[in-house]
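Enquirer: Protein sequence lines, in the order shown, are assigned to chains A and B.
Residue numbers for the first sequence follow my numbering, beginning at 1 and rising by one.
Residue numbers for the second sequence follow my numbering, beginning at 789 and rising by one.
Derived from the structure by calculation, the hints contain no laboratory data.
Some clues are possibly wrong.
As the list claims (entries may be wrong) - Under the rule of at most 30 Å between Cα atoms (straight-line distance), these lysine-lysine pairs were calculated in the DSS-like manner:
no.: 1; chain 1: B; residue 1: 1012; chain 2: A; residue 2: 19
no.: 2; chain 1: A; residue 1: 210; chain 2: A; residue 2: 414
no.: 3; chain 1: B; residue 1: 943; chain 2: A; residue 2: 19
no.: 4; chain 1: B; residue 1: 945; chain 2: A; residue 2: 19
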Amino acid sequence: MADIAGVNGQREHFRVVGKPNLPGKLSYALATGIGKFGADFVVPNMLHAKFLRSPYANARVLSVDTTKARAIPGVADIVTWEDEDIKKLGATPFGFGPRRAWLDNIADQENAEVAVIVVAENEDICDEALRQLDVEWEVLSHIVDILKGRDPDYPVIRPPEFDEFPPGMFDPKPDPDHPKRGNVSYATVVQGDIEAGFAEANQIIEYDLKLPAFASHIPNPPGSVAWWFDDPYNGEGKSLHIEGAVQRKDAIGGMYGMPPEKTVQEGLFQGGKYCDWGMRKSQEITPLLAKRTGRPVKCVNTREQTYDFLMNERYMHLKVGIKNNGLITAIDDFSIADGGVQGSSSFGTANDQGYGPYYTLKCLNIRQSMDIVDSNRGKMYLSGQHCPFNWDAGTMAIYLIAEKLGKDPIDIAKLNLHGPTSQTDMNPVPSFEACLDEGKKLMNWNWHPSKAKKLPDGRMHGMSFRYQICPRHAFSGYDCKLELRRGIVHMPTQGPCTGIFAVECNAMVVAEELGLQYEDISIDFDYKETFTPVGGGSDGTTASSWAMKECANILKQKILEAAIEEAENPPPPSMFGGFGAPQGPNPFKGLKPEDLDLADGKVVVKADPAKGLPIAQATQKNIFATYSGRPPAAIWSLGMGKMLDTMNTAFCEVAVDMDTGVVEILRFGVVADPGKVIRPTSLESQIDQVMYFSQGCQLLEEYVFDERTGVRLTANMIEYRKPTIMDIPPVDRRFLETRSGNAAYGASGISHSLANTHMVIIAIHNAIGVWVDPPATPDKVLKALGKA
Amino acid sequence: MISEENVKSTGVTPHEVSVPFTQESARMRAAEAIENIVATLTQFRCPICGRTFGNYVDLKFHYISDHPDAILPVTVNLNINEKACQVLIEPHWTLHRALQYRLGLTGCKLMCDRGACGSCTVIMDGRSVLSCTILAVECEGKSIQTIEGIAANPKWKPLIDAYCRWDAMQCGYCTPGFLVSAKAILDKNPDPTEEEIREALAGNICICGTYPRHSTAILEAALKMSEGG
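Given only the sequences and the hints, what does the whole structure look like? Please build it.
Expert: As structure tokens, then:
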């Protein structure tokens, strides 16, 4: 049932929304190379800064002698953890662990920075100064194999003070009845009666899956340039200018006691964030160094120094009870998860227990227990939901049940999916049914069991299927503002540009509501503005469009009221002449605002649309409209399992060469119901993106560690293989519009829902009948086949 | 410790960090970036201590007296986007570093810094090359085209337009590198097939996954350019 709350939720005819090929507002700046990212800034008289980085996987700097380094010509400053300026810096980690000093003398992963920072005239002098430091390291035990680190006898790698959780940390907190032991924390969530669920089952299946770590998708090396300047218009003292910290400039300003109005930024470009919202130390340190030296300071990580996790590693064992028809009665989900280095996000571990595949199931008896192992593998900065691997445990359960019972996994999925309103609702979900119907047609779906189909070229054919929600989103509210100025509608926004064309979607909605074209809306980027259409990925974008639609209709009403007012009481001609005053009799005289509408850039009479005036002539006023709010019924806020409205399905076909082990993805298919397509070009692109993420993590990308030293061997763009344009398979897409989401016109987002770690892996199993851990490189496939 | 007396303004004006949005303003800013390249050096800044000299000889003597163990910077004559210019660099500097730090060109992006991603692609004497793996001193006398030169030339407006119409970018960091590779193939082959385009772009990595959009945009641009733009 469509959620039609809000103005014009039922609009049937669209002129702008849904239109393809409308250039992004910032696209020309990006395409021509004039758009600047943090690493691109070069300002006069600028110094450079670099951190001392650890050659060890886990180590502490006992002492550092900076004498020789300071004597190098061109070295401007050296700061260490013992400096009061560093001690005063506060940190606000998102992670699963206590607050820690901003940076100290401990590096808990190889190549991680410690608080020894050199500032010099250029980067080469920084490098030389780092080489001239006399550093005494204390090398500590490390863990890069979490299965070994889980052993109770394994040396503890993390100081005990890092296990003291302060109040206010993200839930779930460590279970007081199950305290941390060695390197392992425990998190357990139980729903229903697990024993009763298994007692009810006719059959039990058990399986293991290894969910791989894969790398953050930040293409641009994170870094910043900061300086201080006189700013008499904003109170006493200097103001801070920082570039390279878009959307986090206020947080960084706050580290230095600067209010938002005295923290300045002009750049708009963040690069690909994709759920990695964490600022790096290189982005936070430059204001301090600029203040100490009195000059602008730049500090940039290399790409190698940014091989942080988008997802961390997990080993899972699942036990699933089923009835003979395939209905799941109980799930016992046990994981050994990489807790990462100190400060890693709990979204990669315990917080995933709140999500997962299970909230879409009728089954109410579920236990999720997790051993979270401290490690020195790397850091996950914020959110693992971009590739929520827990969801793939459910995908695999459905596949295995189908294999066991000789049924189509689509039928198993339909049997187990709960209804639209709750986990006890037994009705079908219309969006899901529609996606399946279209998906079967798209893929010529003809299910076969594993090892059953050989292609004409001799390779084995495999196929897989996966579903998920198109999530409603609105964690936070949106503060929208629109202005009519000299006949032009302005949409002021702080942006930003993260690659999801969020601002443009809002401008399209405004144009739709005001009878204008997309190009008519002046998007005014200003970092001081409050409106930002971010709150997740495209789901946050679509949620913001609901609020902006309300704002547009407030503006519309004010324009119509102003048109009537000026028809009855024409404003006197200004000293410089009116820029758009009506030249003849005003057609709105004697009418009421409700008699008018906006269409084709004009205020028109509803009863006779031929009677109208361009907006600029209908009113000469500057008119502002504001709206603060969020769309109703955001599923992420209400909790999982409450409703299923907009869904998506994804399909994969592979061919596996049994002689070489080479896997070819023949095609991906995606049928998605985002409720209403607002900006199709970027919707298509985001679907391509997640399918390539999925391809990469299942076939190509792999973190490899040297176990003895803990060194990451693949933290660069040669050894860590991302798909290229030559690697990618076709992605066939179909969109449905059930108008049942919670954002503008019943839209929902597409992000947080499609990327996956096992759809290709399942298709490979369907082809060859054996499991291959991702990434399924040819050597692993041959090994699984017993040929290597 | 921080002391207030050593805090001072940089004098950077908002204009230097603002972002233009339209096709024409972006083209003009790209042209302006080329125009702003200084043809002949009049200031020689010591990269070690920051002292500035009026000629190279004085800088050289400064090195002899104050930095006798350091390697002397060199001047290189480059031809960037058909503009001849003199650049003071250190001998180990890459072309990318010279473009960014000496010539103020921001379109050549550094991602991998080891010749694996294509984001820093420029065209040198008609060939696509990676500016992160080429020393600037090797470029003396070569003709180098960057994205700014392509963007400023109205001939390539259809290519820029097609990229923007088709969202052949998401975060946009790798986009200029792709566009330079696209221009290089269209220079050689104004009517490429999709497969030829894919091969030409095989060295450019987009982590946001925009790959299919590039061939669509390039095919559209090629068609439009063949029809006279």
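Enquirer: Determine for every hint whether it applies to the structure shown.
Expert: Verification of the supplied hints:
no., hint, in the structure
1, B:1012 / A:19, "holds, 21 Å"
2, A:210 / A:414, "holds, 26 Å"
3, B:943 / A:19, "holds, 28 Å"
4, B:945 / A:19, "holds, 22 Å"
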